[in-house]
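Chemist: As given, the protein sequences belong to chains A and B, one line each in that order. Read in order, the letters of the first sequence correspond to residues 1 to 448 in the working numbering. Read in order, the letters of the second sequence correspond to residues 1 to 110 in the working numbering.
Calculated directly from the structure, the hints in this document are not laboratory data. Treat each hint with caution, since some may be false.
As the list claims (entries may be wrong) - Computed spacing ranges between beta-carbons, pair by pair:
(1) A:I127 to B:G101: 23 to 33 Å
(2) B:G93 to A:V44: 46 to 56 Å
(3) A:S126 to B:E11: 33 to 43 Å
(4) A:I396 to B:G101: 32 to 42 Å
(5) A:R166 to B:E64: 33 to 43 Å
(6) B:G93 to A:V80: 27 to 37 Å
(7) B:E64 to A:E406: 31 to 41 Å
Beta carbons are placed, not taken as given, at the ideal position from N, Cα and C, and that holds for glycine.
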Amino acid sequence: METAALIVVLVIALALFFDFTNGFHDTANAMATPIATGALRPKVAVLLAAVLNLVGAFLSTEVSKTISHGIIREDQITPVDFIPIIFAGLIGAITWNMLTWLLGLPSSSSHALFGGLIGATIVGASILAINFGEVLSKVVLPAVIAPFTAGVIAFLATRFAYLLTRRYDNKPDGRDGFRWGQIFTSSLVALAHGTNDAQKTMGVITLTLIMAGWQSADHADPYPWVIVACAFTIALGTYMGGWRIIRTLGRGLTDVKPAQGFSAESSTAATILASSAFGFALSTTQVASGSVIGSGLGRRGSKVRWNTVGRIAVGWILTLPAAGAVGAVAALVVVWFGQWGILIDSVLALAVILGLFWRSRRAVVDASNAMSDVADSGHAVKVKRNPPPTRRQRRILREQARLRAEDEARRKADAKAKAKAMARRDAQERAREDALARAARNGRGGAK
Amino acid sequence: MIEIDWIAFLEVFVAALAAALLVVGFYAIALRLLVRAGRAPVVAPAEFTDAITVITPKEARKAEKAAAKAARKSPLTEGQKRLALLGAYVSFGLCGLAVVGGIILIIIGR
């Protein structure tokens, strides 16, 4: 019993560590755009993101319920034996998360978590223990649909923002004011991140407590202490991870205008908050990336860089099976070696944590360890510096050209008429002079 | 048989689209009205960073001058300008209300 309690404590500690890395990894999702457009000072942005992640974690528990009461079939497993499997799944998630971070590969913390849990469950328990219907409808499909949804919404919102503020007389359009607005929308993204991501850890801890018999399976909501612990851990991770954004700023999102950033963030926040209310466990990284690409396409003259999009998409697709494979290996170690397996996995987890710490102490930031996947999405769309004119602008330009041509023609006609008149006057003058000269000659002849 | 609630996806899309367009729309209208009221916002960046979209202090000063010049040439009367300013504040307020309303809906839905 004492060993079981120790394993539960270990799982909770590991889940909270995952929560910390989630905050650490994903601060960029909320704050990369406002810092890139100069809307917020980096330190203020990071502090704001931490506080709002904390608040967001208290808003809803639907996603937590999806994890604790959805993806695992409790009738197909032995509850107490399942706790080490959750532990192995978390090892898979954390290892994959850190590995992709160290290698600079695009990834999603949420999918790493689901992949790790599913892989470990298949190997450690049975494939029948996975509720594939719930996994498909609450995890896989939202993962596929959400980036597109966010992209379409961001595209329309960007078009709308530009349409409403466009001026045709070259006077100030006030779009600079979107910079203020970004403080507001990036705060919303941080809030949404706390609402969706902190709940995933709450769900894992609640699932562990149910398996250990410390919480009734009928009681779906996480305990208040679980909510508080997860909220504070994700907030702390967000604050600690923020300093890296300051260094990765110039790398991506260099062409995001305030109006575009505002629309992208509104779309990200709206998609995540609406999904959280329905219990869809989304990847905030993917939603934010979809929004950045969609808002880029919303600007005139933009083109998709399919190579970049493809690279990001491959990273996303790989996350679930790859984290699943790592989770499966960790579960295999537990299955083969029993409690010694848990010890081996713990050592492995500690090595990963120390590796992360060692890496984060190094000041070098380059393409291999920059972690802003959202910033990468900024490169997925190429926007012309001088976009082509809108239909109305083309009409105005055509009208101006027509007026200029008419003016030119009138001027030419005037000049021609003036020249003609002058020529006529000259001819008349010459004729008069000739007449006078003739008259004078005739007069002199008469006098003689 | 796996059952998927497609309606829920549609609901998420419609709710998110409506929320994003409301927030962006009200905010953009508010900015437009601020410009009409002769108070075109020129917001210098909080801190000069590597990003190319960030304007320099010199560019900010130039933009402020252009905004002031445009405001002087505004064809609106003082009363109309005050009305536009009021409209701008109301739009900002509605934008905030849309967000607060959305969050309240999520909390109520718990």
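Chemist: If a hint holds in the structure, say so; if it doesn't, say that too.
Modeler: Going through the hints against the structure:
1. A:I127 to B:G101: 23 to 33 Å: violated (44 Å)
2. B:G93 to A:V44: 46 to 56 Å: The hint (46 to 56 Å, Cβ to Cβ) is violated, given that B:G93 and A:V44 are roughly 24 Å apart.
3. A:S126 to B:E11: 33 to 43 Å: holds (34 Å)
4. A:I396 to B:G101: 32 to 42 Å: Between A:I396 and B:G101, where Cβ atoms are some 39 Å apart, the hint holds.
5. A:R166 to B:E64: 33 to 43 Å: violated (21 Å)
6. B:G93 to A:V80: 27 to 37 Å: violated (55 Å)
7. B:E64 to A:E406: 31 to 41 Å: holds (38 Å)
Of the numbered hints listed earlier, those contradicted by the structure are 1, 2, 5 and 6.
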